[in-house]
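Peer 1: Here is what each chain is made of, one letter per residue.
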Amino acid sequence: MSVLVYTESDNGQFKKVALEVASYAKAVADALGTSVTALAINANDTSILGNHGVDKVLNVSNEQLKSFNAKAYADVIKQAAEKEEAKVVVVSSSADSKYLAPLLAISLNAGYATNVVEAPASTSPFTVKRTAFTNKAFEMTEMSTDVKLIGVSNNSFGLVENSASASSEEFSPSIPDFKVTIESVDKATDKVTIADAEIVVSGGRGLKGPENWGMIEELADVLGAATACSKPVSDLGWRPHSEHVGQTGKPVASNLYIAIGISGAIQHLAGINASKVKVVINTDPEAPFFKAADYGVVGDAFEVVPTLIQKLKEFKAQNA
Amino acid sequence: MKILVCISHVPDTTSKINFTEGDTKFDTNGVQFVINPNDEFGLTRAMWFKEKQAASVTVVNVGGPETEPTLRKALAIGADGAIRVNAHPKDGTFVAKQLAKVMQDGGYDLVIAGRESIDYNGGMVPGMLAALTNSNFVNTCINLEVDGTNAKATREIDGGKETVSTNLPLVIGGQKGLVEESELRIPNMRGIMQARQKPLNVIEPTGDNGATNSVKFEKPAEKGAVKLVSVDNIDELVSLLHNEAKVI
Ligand SMILES: Cc1cc2nc3c(=O)[nH]c(=O)nc-3n(C[C@H](O)[C@H](O)[C@H](O)COP(=O)(O)OP(=O)(O)OC[C@H]3O[C@@H](n4cnc5c(N)ncnc54)[C@H](O)[C@@H]3O)c2cc1C
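Residue numbers (the numbering used here), protein chains in the order written: chain Y, 8 to 327; chain U, 185 to 432.
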């Protein structure tokens with residue numbers, strides 16, 4: 008009857024979202040008066056999950072699951088959910104979790120709510136709040152199935168400390184045929200991803216050309232941030248498509264989003280609005296981004312950004 | 185190859201989002217509807233398969249009669265035929281079950297859906313459809329090639345991309361990258377005329393239920409005014425981000 012949470016790892020290390028979904032699962036378990044079981048696949052050290060309210064960890068160590076496969080991972084989570092007789096299963100909104108969750112929902116006969124931003128408003132009827140219309144609204148959704156699958160929106164619930172000492176148990180599920188085989192992976196391992204970043208630095212058409220991205224990368228570097236861009240910038244080939252954020256690109260839900268030379272078109276804002284604090288740097292005081300931002304500088308990016316880099320370096324040096 | 189392209193009928197990206205009937209229904213008043221952008225990239229890729237590999241392309245939507253202009257637009261872009269499952273699309277599970285029936289009855293080898301619709305953002309229909317029909321599934325797909333029953337796809341992952349191989353029957357959740365923005369097609373007069381003659385079959389839904397129920401909508405709280413910092417005072421910006429916003 009416990010709440011099952013799938014805690015994702017990358018090369019044996021838990022991702023930040025793993026701790027967030029564990030925190031979320033704890034809130035659901037408290038509301039239902041039950042405990043939290045986490046499923047970890049090839050993670051090195053699961054003790055940290057105890058800090059976020061996990062009571063028991065099902066540990067899967069399996070060479071075949073070394074790289075992600077949606078079908079196989081969904082099947083393993085299903086077996087764990089059945090073993091635990093879980094009525095609520097919690098996953099994140101990472102690309103991998105969004106890939107496997109619909110498969111899992113069908114195999115568990117579960118209703119599935121995505122982009123959930125708060126602990127359930129009620130457990131009977133089971134009601135969750137999720138974003139809809141690309142962050143332009145929230146939707147209260149009632150889940151009527153016996154088993155419920157919840158996809159928690161990244162960086163919405165946050166990490167909650169909840170000291171428990173998680174017991175750990177080896178779990179050896181059967182592994183189905185993969186059906187979809189990885190041929191090659193092209194992933195920058197030295198860069199923060201937009202999905203995981205606390206801070207995102209984003210550039211728009213106002214930067215005039217790809218040759219001017221040096222200062223954007225330097226600013227990102229100083230802040231430990233990921234770099235992103237507006238849609239026309241990727242369409243023009245100034246930056247790779249993987250950096251395109253917005254309604255038709257990647258969603259951003261960082262703590263800080265810095266928009267440089269971006270006008271703030273509705274489609275751009277929709278995709279980045281889940282970020283907590285927004286800063287805009289733009290020459291045009293009428294740019295719509297100023298209506299969406301928390302802090303703004305009306306000025307030329309080519310002056311403001313180098314100064315900002317300088318000031319941040321001084322700040323870092325003082326606070327080191 | 186028989187291709188089915190799922191078309192979601194969604195409010196134009198610039199639409200004002202409002203609700204009626206005690207915030208329980210989306211207010212369609214004055215709203216223009218379009219083909220869901222993720223689906224449009226998929227439809228355009230399907231046209232490539234039609235032209236280069238002689239595939240047949242059928243578009244499908246689960247929705248009321250009001251969605252027919254959107255299906256006609258897909259026909260004008262070049263789809264051969266359209267199917268409308270005559271039902272209110274209650275939730276992702278319900279829609280996936282309807283589409284599974286259409287896919288099985290029609291014997292489609294490849295289903296191209298969008299990774300998510302821009303209205304409800306469920307992002308679950310393609311995967312559920314694959315699971316219900318025992319098809320293979322590639323999500324956030326940014327490139328797709330098919331040779332016989334073999335498929336090669338590229339999918340976007342957090343921080344990069346990966347190339348995978350798989351087989352038909354296949355369902356993909358597509359997005360920009362399947363084709364470039366510049367390859368999207370605007371229907372021409374000839375296409376629009378031809379679309380009027382193409383079949384648009386209306387079929388009744390199966391008796392399946394959904395799994396979730398939308399009960400109420402809310403709009404986000406109004407934002408406070410922006411705090412402006414002068415160009416000569418970037419120190420203040422750093423200090424605000426540190427002391428007030430606490431994000432650095
Ligand atoms: C269906 C659809 C989906 C879309 N999806 C997306 C999406 O997902 N993401 C997205 O980003 N867009 C999307 N768009 C495009 C969107 O409408 C805008 O066209 C786009 O966001 C504008 O990009 P931009 O702000 O970089 O460029 P612009 O609108 O050209 O803005 C450039 C800004 O830079 C400023 N500027 C110029 N010089 C300087 C300088 N020296 N220093 C500082 N500022 C300067 C200007 O004042 C201006 O505000 C979509 C559009 C449609 C129709």
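Misleading hints may appear alongside valid ones.
[To be verified] Chain U side only, calculated, beta carbon under 8 angstroms to chain Y, not exhaustive:
| id | residue |
| --- | --- |
| 1 | G307 |
| 2 | F321 |
| 3 | T324 |
| 4 | N327 |
| 5 | V330 |
| 6 | I370 |
[Claimed, not checked] Pairs of lysine-lysine, DSSO-like flavour, derived with a Cα cap of 30 angstroms:
| id | chain 1 | residue 1 | chain 2 | residue 2 |
| --- | --- | --- | --- | --- |
| 7 | U | K336 | Y | K283 |
| 8 | U | K430 | Y | K136 |
| 9 | Y | K186 | U | K234 |
| 10 | U | K186 | U | K285 |
| 11 | U | K209 | U | K407 |
| 12 | U | K274 | U | K400 |
| 13 | Y | K23 | U | K236 |
| 14 | Y | K198 | U | K345 |
| 15 | Y | K298 | U | K403 |
| 16 | U | K274 | Y | K215 |
| 17 | Y | K298 | U | K430 |
| 18 | U | K403 | Y | K318 |
| 19 | Y | K298 | U | K407 |
| 20 | Y | K215 | U | K186 |
| 21 | Y | K136 | U | K186 |
| 22 | Y | K94 | U | K400 |
| 23 | Y | K73 | Y | K63 |
| 24 | Y | K73 | U | K345 |
| 25 | Y | K283 | U | K236 |
| 26 | U | K285 | Y | K23 |
| 27 | Y | K94 | Y | K198 |
| 28 | Y | K320 | U | K274 |
| 29 | Y | K136 | U | K400 |
| 30 | Y | K298 | U | K200 |
| 31 | U | K403 | Y | K283 |
| 32 | U | K430 | Y | K198 |
| 33 | U | K236 | Y | K323 |
| 34 | Y | K186 | U | K285 |
| 35 | U | K407 | Y | K318 |
| 36 | Y | K23 | U | K209 |
| 37 | U | K400 | Y | K283 |
| 38 | U | K234 | Y | K283 |
| 39 | Y | K186 | Y | K215 |
| 40 | U | K236 | U | K403 |
It is worth saying that the hints were derived from the structure and are not from the lab.
Each residue gets a CB set at the ideal place from its N, CA and C atoms; glycine is no exception.
Peer 1: Indicate, hint by hint, whether the structure satisfies it.
Peer 2: Hints, verified against the model:
1. Satisfaction of the interface hint for U/G307 is found here, the shortest Cβ-Cβ separation to chain Y being roughly 5 angstroms, below the 8 angstroms cut-off.
2. Given hint, U/F321 at the interface with chain Y, holds; its Cβ is 7 angstroms from that chain's nearest Cβ, closer than 8 angstroms.
3. Taken as an interface hint, U/T324 checks out: its beta carbon lies about 6 angstroms from the nearest beta carbon of chain Y, inside 8 angstroms.
4. The criterion of a C-beta within 8 angstroms of any C-beta in chain Y is not met by U/N327, whose closest approach is roughly 11 angstroms, and the hint is violated.
5. A cut of 8 angstroms between beta carbons decides the hint on U/V330: the least distance to chain Y is about 14 angstroms, and the hint is violated.
6. Of the supplied interface hints, the one on U/I370 is violated, with its beta-carbon coming no nearer than about 16 angstroms to a beta-carbon of chain Y, more than 8 angstroms.
7. At most 30 angstroms may separate the alpha-carbon atoms for a hinted pair to count; U/K336 and Y/K283 exceed this at roughly 38 angstroms.
8. With a C-alpha separation of about 26 angstroms, the suggested pairing of U/K430 with Y/K136 holds against the 30 angstroms cut-off.
9. Distance restraint check for Y/K186 and U/K234: the Cα-Cα separation of roughly 26 angstroms lies within the 30 angstroms cut-off, and the hinted pair is therefore satisfied.
10. Annotation: proposed proximity of U/K186 to U/K285 holds, straight-line Cα distance about 15 angstroms (limit 30 angstroms).
11. Proposed proximity of U/K209 and U/K407 is supported: the alpha carbons are some 24 angstroms apart, at most 30 angstroms.
12. Distance hint between U/K274 and U/K400 is fulfilled; the C-alpha atoms sit about 14 angstroms from each other, no more than 30 angstroms.
13. This hinted pair does not check out: Y/K23 and U/K236 have alpha carbons roughly 44 angstroms apart, beyond 30 angstroms.
14. This hinted pair checks out: Y/K198 and U/K345 have alpha carbons roughly 14 angstroms apart, not beyond 30 angstroms.
15. Restraint check for Y/K298 and U/K403: the C-alpha separation of about 16 angstroms stays at or below 30 angstroms, so the hint holds.
16. With a CA separation close to 45 angstroms, the supplied pair U/K274 and Y/K215 exceeds the 30 angstroms bound.
17. Straight-line distance between C-alpha atoms of Y/K298 and U/K430 comes to about 21 angstroms, which keeps the hinted pair within the 30 angstroms bound.
18. Between the alpha carbons of U/K403 and Y/K318 the distance comes to roughly 37 angstroms, so the proposed pair goes past 30 angstroms and is violated.
19. This hinted pair checks out: Y/K298 and U/K407 have alpha carbons roughly 8 angstroms apart, not beyond 30 angstroms.
20. For the proposed pair Y/K215 and U/K186, the alpha carbon gap of about 44 angstroms is over 30 angstroms, so the pair is violated.
21. Between Y/K136 and U/K186 the alpha-carbon distance is near 39 angstroms, which puts this suggested pair outside the 30 angstroms criterion.
22. Taking the CA atoms of Y/K94 and U/K400, the gap is near 24 angstroms; set against the 30 angstroms cutoff, the hint holds.
23. A threshold of 30 angstroms between alpha carbons decides the hint, and for Y/K73 with Y/K63 the separation of about 22 angstroms falls inside it, so the pair holds.
24. With a C-alpha separation of about 17 angstroms, the suggested pair Y/K73 and U/K345 falls inside the 30 angstroms cut-off, and the hint holds.
25. Simply put, Y/K283 and U/K236 have alpha-carbon atoms about 46 angstroms apart, too far for the 30 angstroms limit, and the pair is violated.
26. Straight-line distance between C-alpha atoms of U/K285 and Y/K23 comes to about 39 angstroms, which puts the hinted pair past the 30 angstroms bound.
27. Taken as a hint, the Y/K94 and Y/K198 pair is broken in the structure, with Cα atoms around 37 angstroms apart against an allowance of 30 angstroms.
28. Among the hinted pairs, Y/K320 with U/K274 is inconsistent with the structure: their alpha-carbon atoms are about 52 angstroms apart, more than 30 angstroms.
29. Of the supplied pair hints, the one linking Y/K136 and U/K400 holds, its CA atoms being roughly 9 angstroms apart against a limit of 30 angstroms.
30. Proposed proximity of Y/K298 and U/K200 is supported: the alpha carbons are some 16 angstroms apart, at most 30 angstroms.
31. Under the criterion of a C-alpha separation no larger than 30 angstroms, the hint pairing U/K403 with Y/K283 is consistent with the structure, at around 17 angstroms.
32. For the given pair, U/K430 sits about 23 angstroms from Y/K198 by alpha-carbon distance, which is consistent with the 30 angstroms threshold.
33. For a cut-off of 30 angstroms, the pair hint linking U/K236 to Y/K323 is broken: about 56 angstroms separates their Cα positions.
34. Between Y/K186 and U/K285 the alpha-carbon distance is near 22 angstroms, which keeps this suggested pair within the 30 angstroms criterion.
35. The hinted pair formed by U/K407 and Y/K318 meets the criterion: a straight-line CA distance of about 28 angstroms does not exceed 30 angstroms.
36. This hinted pair does not check out: Y/K23 and U/K209 have alpha carbons roughly 36 angstroms apart, beyond 30 angstroms.
37. Among the hinted pairs, U/K400 with Y/K283 is consistent with the structure: their alpha-carbon atoms are about 24 angstroms apart, no more than 30 angstroms.
38. Distance restraint check for U/K234 and Y/K283: the Cα-Cα separation of roughly 45 angstroms exceeds the 30 angstroms cut-off, and the hinted pair is therefore not satisfied.
39. Using a Cα cut-off of 30 angstroms, the hinted pair Y/K186 and Y/K215 is violated, with the two alpha carbons roughly 45 angstroms apart.
40. For the suggested pair U/K236 and U/K403, the alpha carbons sit about 46 angstroms apart, so the restraint of at most 30 angstroms is broken.
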